[in-house]
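Build the complex: two chains, separate frames, hints provided.
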Amino acid sequence: MVNSISPLDDMVFMAAFLDTLIPPSEGDDLPGAGTLGLAPQVVTAITSNDRIASAVSAALEVIQEQATDYAALDLDQRVAIVGSVAEDHPMLISSVIPPLYFAYYQHPTVLMGLGLPTRPPFPGGYSIDETDPDLLDLLSAKASS
Amino acid sequence: MSDDAVGVLIIGAGASGGAFAWSIADAGMSVLCLEQGPWMKQSDYPTNNLDWESRAATEFSPNPNIRNRESDYPVNGIGTPIKPLMFNAVGGSTILWAAHFPRLTPRDFRVRTDDGVADDWPIDYETLEPFFALNDQMMGVSGLAGDPAYPYHEPPLPPIPFGATGNVVARGFEKLGWHWWPSDSAIISRDYNDREACINLGPCTSGCSHGAKASTDITYWPIAERKGVELRTGCRVREITIGEDGMADGVLYYDADGVLQEQKAEIVVLASNGIGTPRLLLNSASERYPDGLANSSGLVGKNLMFHPYAQIRGVFDEPLFGRGPLGCSIWSHEFYKTDRSRGFVRGYSYEISRGLGPAGEALYGNGIGRIPWGPGHHEAWSEIYNHTAGMVGITEDLPDEANTVTLDPDLTDSNGIPAPKITYELSENSHRMLAHAEERGQEALRAAGATDTHSLHVMEQAGWHLMGTARMGSDPKTSVVNGWGRAHDVKNLFIIDGSIFVTSGGVNPTSTIQALALYVADSIKKNIGNLFD
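Just so you know, the protein sequences line up as chains W and X, in that order. Numbering-wise (numbering that gives the first Met the number 0), the first sequence opens with residue 0 and increments by one. Numbering-wise (numbering that gives the first Met the number 0), the second sequence opens with residue 0 and increments by one.
Keep in mind the hints are simulated off the structure, nothing from the lab. Be aware that one or more of the hints could be misleading.
One side of the interface only, derived from the structure: several residues of chain W facing chain X at Cβ under 10 Å [to be verified]:
id, residue
1, Pro22
2, Gly36
3, Leu138
Taking lysine-lysine and the DSSO-like style, the derived pairs with C-alpha atoms no more than 27 Å apart in a straight line are [what the hints assert, rightly or not]:
id, chain 1, residue 1, chain 2, residue 2
4, X, Lys40, X, Lys263
5, W, Lys141, X, Lys174
6, X, Lys490, X, Lys476
7, W, Lys141, X, Lys524
8, X, Lys226, X, Lys40
9, X, Lys226, X, Lys263
Cβ-Cβ distance ranges computed for the label pairs, FRET-style [as the list claims (entries may be wrong)]:
id, chain 1, residue 1, chain 2, residue 2, range
10, X, Ile77, W, Met90, 17 to 23 Å
11, X, Ala144, W, Gly26, 47 to 53 Å
12, W, Gly114, X, Asp119, 54 to 60 Å
13, W, Asp49, X, Gly368, 27 to 33 Å
14, W, Pro122, X, Arg339, 48 to 54 Å
15, W, Leu135, X, Lys476, 36 to 42 Å
16, W, Leu135, X, Arg339, 49 to 55 Å
17, X, Gly368, W, Ser83, 14 to 20 Å
18, W, Met90, X, Asp256, 53 to 59 Å
19, W, Gly82, X, Asn192, 15 to 21 Å
20, X, Lys524, W, Arg50, 49 to 55 Å
21, X, Met246, W, Met90, 16 to 22 Å
22, X, Pro105, W, Ser139, 20 to 26 Å
Glycine included, every Cβ here is placed at the ideal spot set by N, Cα and C.
If we strip away everything but chain X, and leave its shape as in the complex, we get (with noise of 0.2 Å):
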């Protein structure tokens, strides 16, 4: 079966999908979205029923292989000492995300000049400065204006209120002298938007039940379907299809009958994020593109980058009560720019996290040895329940082409879609970078009060970010798209998600994701006359 063709075809409804269906429906095309995923209810949530630390470790699970809903495809991640993790649905990982929303800041887009090591990116802070702003603006953001951190810029509402965590915490790198500022966040502080503000039910990474916390779904989406775009959910892209021009001219795809479908289309645009899309570029593969699609610099799936994340917790005598927004509350760059002399290059942020609930500091307590089976369970649980306070260090990883995505031999999805195979391996670099956020992030919550203190080197389950794996660049030999999201060898694909970023700085990375989404369709509507020259 043949639909008709249209003039935009959207692959994923997530964080770059959501603003760039929103913006690109201005520009007189018709615009359609194929999501794999289905529409999200609130009330489906864990939130909403007592279960909710169980829900959210199990059917609400980040990771796709525990989670193995029919909507998520498996991913082959065996000895990778970080798991990936995503969502697939309208909205996509912003679904579970936290909403922590740093931008990258502008050293980020000038690695190789500033410290010889990765390389530049081709595009700048400052041309995707207007993008952060409106992203804010159709996100919901709080956060306080004035973070030497950044350039100067104002979030739309403001900070979510520390709690009992943040201000002990703040206090302790206020005494240390280091930077640390409100968490730019995207969740809303105030009513926005027909939203209603944050009440703090506390684990926004299984879904906000409330609506406060932005995922596209609820920012993007709704307006991107009042202009005109169709979003057809339950419907799995297989490969991009080419004509004879050698451009793209639409896919196949599976709907959520499980029938093989054709689409043509114009522009086909990619926004399944650092795994999904060189997946599905590899999948692409043909006669004309024997190693897969928009790959001839052979990058497609290499430079795959996570932030390798530590976690330190600490115990505390006085009471914190730790709901509220699990992740946002204050962040520190304190070791974010280069110091050779701590032994590694580059650098990490700190985001400071709340507390856990019942049953989650009960595991907590008991990983850390402070919460035995049997005999006293009750009465260490109750020392550490409310009394802790925790951050985690996002350190920052550097591309290597032996980091990668690649199709497994074996795996398939219930389509019958060859599966993603994940191969990587810690830097050295990243080892010292995690062992230095380790160390000097339990000497903050010691000057905070905390009288008991542990890390983790690295964080297995945290594989949020996915980047670096069709990464952007002016050289067709080195890159896999242009500065503006266009692939160097297929003239009407673009790219909008994480895989295009050069480098990944050592911030959550969805502001930037989203700023580039709706920087490429800018550049789209401003070149649409000679849009493929």
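Here chain W stands alone, though its shape is the one from the complex (with noise of 0.2 Å):
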């Protein structure tokens, strides 16, 4: 049977397909990006270039025509079949990675989990380690004037 909805709309597929990309960590102390409700914020980036949108779009149909039912699957399966495709379908990785990794990577949940300050840099700033001062007497004595 032929889905009737493009899988990019398809937010349960694009969940489980996320969650193949960024799994849930071991300790569970980080969730899979599909499941940290990412999907739908990777799919407008992923659909604000046509060429881009269409090429992803592609590649997840052959997916969804791999495993009629790719979100029932278990990780290892889903791994194996997103690789396959990938290997015809390379821009499927190569697109969807950058969205997905600034849209995780800056999720607090995501944050808290890898200790990390859920804040943005300004206004609080960040301490860094001062100049060793053996370095600056290397440069002293090398110094011209």
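Right under this line is the structure:
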């Protein structure tokens, strides 16, 4: 049976696909990307470019053809199918990864799970290591006058 | 509609336009600047929000074709190995720059004499030195006096802390016995002139929300306006107009409402940098100047120089907390001077860069095959994040008349003005230099302790530096402007931006661009009585 909706509009399928690219961490500290609800955000980024949307959609249709209930498969099975399809459709991975990584690694849940601050850089800023004084001593000896 | 004539009309409010406006305001003439972009707000910059990494890559991308703002003009760079980058706003590309602030070295002004290639400049380092120093004060430069790669000069502020990354990489350079020195950076390491010291937000290249990074909208322009300079934003110049005497007599421009306006002026100053300036000169062709304004030499738009960048990064076992000004910690001139045994002429500098944000490191790791999608992703990310340091090799780009800015026959901006088209190829000399920078850069990172190193031969999205397309010189047949920026063909037309560079050196150009702008302004003031002789 041919799916009547585009894979990019099938949020259950897309969530399973994104959970394949970024699965949950072993200790479950970090959720999978699909489970985190990133599919709409990633789809919006993909469909902002017609050429990319067309290529990704075509690849996802092949996945759906190979596994009509892709979301029900276990991770290893989903990985195997995506890897196989990506060999013939290299834009599938290269086009989805950038918006996916941006969405995932900017999400407060992920930042918290990674032990990173869940705030923007400004206004708090960050502290950094001071310059090694031994290095400055070396420069003093080399300085021109 | 015709406005009242002004004494000096500046086109572009970026690095050079801001410095020039501040200086020429003392000349006693009315000064107007037209800028196609808007004033920026620090509260709009990406680092105010959690999604700072994605916004930096899209709406604050340095590539106008990706950013695609109303205030931008498109650039046809199809097929070029390096894409031109810029920003159109008050402050220009200093809004998005990393704020590296090296000067050209004295040798960079005499390339023909020293190495028998390209050309010498009609001026030298010593001529510009007072203006370098003045500009350092105005922008607020941090650094350490005594770099043996330069004549002695004292940055007004102490250097930016190296951070873990700079400390580790400096030890690597030291181990090899290579030159290295704290970078001169237009980022304030201490409170300075009503600006607060850097608090290490990290991504300087999407705008500084704190105002610690210098951009001319917060350095030169507030003072220039207090001196009486008028700055009109949202105004895009279509062409420079010519009077019956062949002199420039003003411009036609589209105002913020898209209405065509005429502005008369006694002196016209181009500050639109290495692509915008030749574009406007070529768009100003007339019956009298059919090949474009100030183009009797045929060199307007030719000799486009970028700095081809090699990128080298390494993964370290030890943690390197990577925040802090993205690019400004230390530099090296170890391979700056010509050594023909290396297989190329001229040379390059290294600049050390800190680590990226969480998403940036994930994308980097994916790109080099270290972070997979699927199982193992999280473990691999943890091995990379806060464990990388990198550098870029900034190679000197020798002038070549085949590398050009021309007018695209079809592409236009939102006002219908023909857009620029870039034709550019890397020379064999550049390829050899880039390969050398890749190899030796990896050697330095390994000496610093990197367990895994990678390099990119030439960075595509790296055409920050736009130079050479209206070069200066003494001979009108082989140059567009004279030694103080005045067009040979049109004696009340001045150019003060990167387009007047004769050669590129192997360092970031903004310090030199601004010193040139201040020098030209000073020359105008000194010669005001016989300016057009």
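Hints, verified against the model:
no.: 1; hint: Pro22; result: holds, 6 Å
no.: 2; hint: Gly36; result: violated, 15 Å
no.: 3; hint: Leu138; result: holds, 7 Å
no.: 4; hint: X/Lys40 with X/Lys263; result: violated, 31 Å
no.: 5; hint: W/Lys141 with X/Lys174; result: holds, 15 Å
no.: 6; hint: X/Lys490 with X/Lys476; result: holds, 16 Å
no.: 7; hint: W/Lys141 with X/Lys524; result: violated, 40 Å
no.: 8; hint: X/Lys226 with X/Lys40; result: holds, 22 Å
no.: 9; hint: X/Lys226 with X/Lys263; result: holds, 21 Å
no.: 10; hint: X/Ile77 with W/Met90: 17 to 23 Å; result: holds, 19 Å
no.: 11; hint: X/Ala144 with W/Gly26: 47 to 53 Å; result: holds, 51 Å
no.: 12; hint: W/Gly114 with X/Asp119: 54 to 60 Å; result: holds, 56 Å
no.: 13; hint: W/Asp49 with X/Gly368: 27 to 33 Å; result: holds, 29 Å
no.: 14; hint: W/Pro122 with X/Arg339: 48 to 54 Å; result: holds, 52 Å
no.: 15; hint: W/Leu135 with X/Lys476: 36 to 42 Å; result: violated, 51 Å
no.: 16; hint: W/Leu135 with X/Arg339: 49 to 55 Å; result: violated, 35 Å
no.: 17; hint: X/Gly368 with W/Ser83: 14 to 20 Å; result: holds, 19 Å
no.: 18; hint: W/Met90 with X/Asp256: 53 to 59 Å; result: violated, 42 Å
no.: 19; hint: W/Gly82 with X/Asn192: 15 to 21 Å; result: violated, 57 Å
no.: 20; hint: X/Lys524 with W/Arg50: 49 to 55 Å; result: holds, 54 Å
no.: 21; hint: X/Met246 with W/Met90: 16 to 22 Å; result: violated, 55 Å
no.: 22; hint: X/Pro105 with W/Ser139: 20 to 26 Å; result: holds, 24 Å
In summary, the structure is inconsistent with hints 2, 4, 7, 15, 16, 18, 19, 21 from the numbered list given earlier, while agreeing with the others.
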